[in-house]
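Now for the letters of each chain:
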Amino acid sequence: MNTADQYLKAIYLAERMADGPAATGELAELLGVSPASVNEMVGKLEERGLVEHEKYKGATLTDEGSDRAREALRNYCIIERFLANVLEVEEFRDEARALESVIDDTVAERLDTIIDRRSECPDCFDAEADACVYLDVEAGSAD
Amino acid sequence: MSLGQRVASDRELTRLLQIGVVLEEVVEARANRHIESMSEEERAALDEEIRDLLEDAAAESADHRARLEELIDDLDADTVGYEEIEALVREHYAATSPEDFDGVLYDQLCNEETAYKFYDDLITAIEEGEAEFGIDRDRVLSTLRRIRAEEEEGVEEVTGIMERRE
Chain A
1 MNTADQYLKA IYLAERMADG PAATGELAEL LGVSPASVNE MVGKLEERGL
51 VEHEKYKGAT LTDEGSDRAR EALRNYCIIE RFLANVLEVE EFRDEARALE
101 SVIDDTVAER LDTIIDRRSE CPDCFDAEAD ACVYLDVEAG SAD
Chain B
1 MSLGQRVASD RELTRLLQIG VVLEEVVEAR ANRHIESMSE EERAALDEEI
51 RDLLEDAAAE SADHRARLEE LIDDLDADTV GYEEIEALVR EHYAATSPED
101 FDGVLYDQLC NEETAYKFYD DLITAIEEGE AEFGIDRDRV LSTLRRIRAE
151 EEEGVEEVTG IMERRE
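Protein chains in written order, with my numbering: chain A, 1 to 143; chain B, 1 to 166.
For the record, the hints were derived by calculation from the structure and aren't laboratory data.
Hints may contain errors.
Said to hold, decoys possible - Restricting the straight-line Cα-Cα distance to at most 16 Å, the calculated cross-link-like pairs of lysine to aspartate or glutamate (EDC-like) are:
#1 K117(B) x D105(A)
#2 K117(B) x E152(B)
#3 K57(A) x E26(A)
#4 K117(B) x D104(A)
#5 K117(B) x E109(A)
#6 K44(A) x E54(A)
Unchecked claim - Far from chain B, some chain A residues (derived; all Cβ distances over 10 Å):
#7 T62
#8 D67
#9 A131
Built from N, CA and C at the ideal position, the CB exists for glycine as well.
Could you put the whole structure together from the sequences, leaning on the hints where they help?
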């Protein structure tokens with residue numbers, strides 16, 4: 001997943017959690033980067049018509065940005081489900097975050113052929129818990 | 001969340017190699033399943049070129065898996081059993097199976113392209129990081145580069161067959 005898609009996903013989740021525009025500080029925390037980096041990237045996404053940014057309020061996804069963000073979140077769900085249910089990784093959230101930048105969309109789609117995922121995905125993703133609400137988090141560890 | 005492509009630790013490297021093993025297992029199991037799921041008539045009609053392609057794909061994936069498993073073993077981690085992945089492929093096959101021979105070829109092309117992209121991204125992520133691993137970094141990279149080159153040949157092979165069938 002490329003950096004732009006990771007930003008779009010973070011904005012999507014931050015908007016859902018705040019029930020309004022995604023604040024720069026919140027995005028910086030979610031992404032583990034500085035507020036200056038967030039502002040720079042949000043500006044680029046705005047130029048591409050994926051985000052609208054209002055000073056002192058925050059970033060809001062456009063329809064196109066929202067579609068891309070949902071696709072990125074769906075792929076992230078696949079990675080989390082694969083780690084939790086196939087590799088039985090206990091710390092699947094931390095590992096999904098660490099690995100998402102290396103896992104391409106096409107790879108996620110192949111992994112999707114061996115996991116169970118609800119048709120409503122990614123609407124069942126709980127932004128606060130950083131995981132699908134239906135994910136069996138009781139999986140044991142394979143390590 | 002981690003921005004940028006870098007492999008930072010043995011744990012991340014191991015996990016990515018395990019994902020590589022699973023992708024190879026999916027290719028192998030799906031290639032075998034494509035042949036198994038055909039009726040007698042369909043198998044009789046299956047031309048030799050596609051049959052060879054599927055058998056070669058399964059054999060090549062098994063070979064790639066063995067090479068990845070050697071690295072995983074040297075990182076003191078466990079691999080992912082083929083039987084487990086084969087069972088998952090079987091379980092989900094009905095919902096994801098191709099409808100005809102062209103679909104089989106397209107599925108095979110997706111497999112090869114996905115594997116190529118995966119190894120390409122993994123090699124870049126290792127090259128761009130500075131982490132020291134529990135196993136020799138050059139050995140990891142040379143193994144992955146050889147596998148990537150074979151996946152590239154695989155893409156060309158399937159594309160060639162598809163073009164001849166047009």
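Hints and how they fare:
no.	hint	verdict
1	K117(B) x D105(A)	holds, 10 Å
2	K117(B) x E152(B)	holds, 9 Å
3	K57(A) x E26(A)	holds, 12 Å
4	K117(B) x D104(A)	holds, 8 Å
5	K117(B) x E109(A)	holds, 12 Å
6	K44(A) x E54(A)	holds, 14 Å
7	T62	holds, 22 Å
8	D67	holds, 20 Å
9	A131	holds, 14 Å
Checked against the numbered hints listed earlier, the structure breaks none of them; every hint is satisfied.
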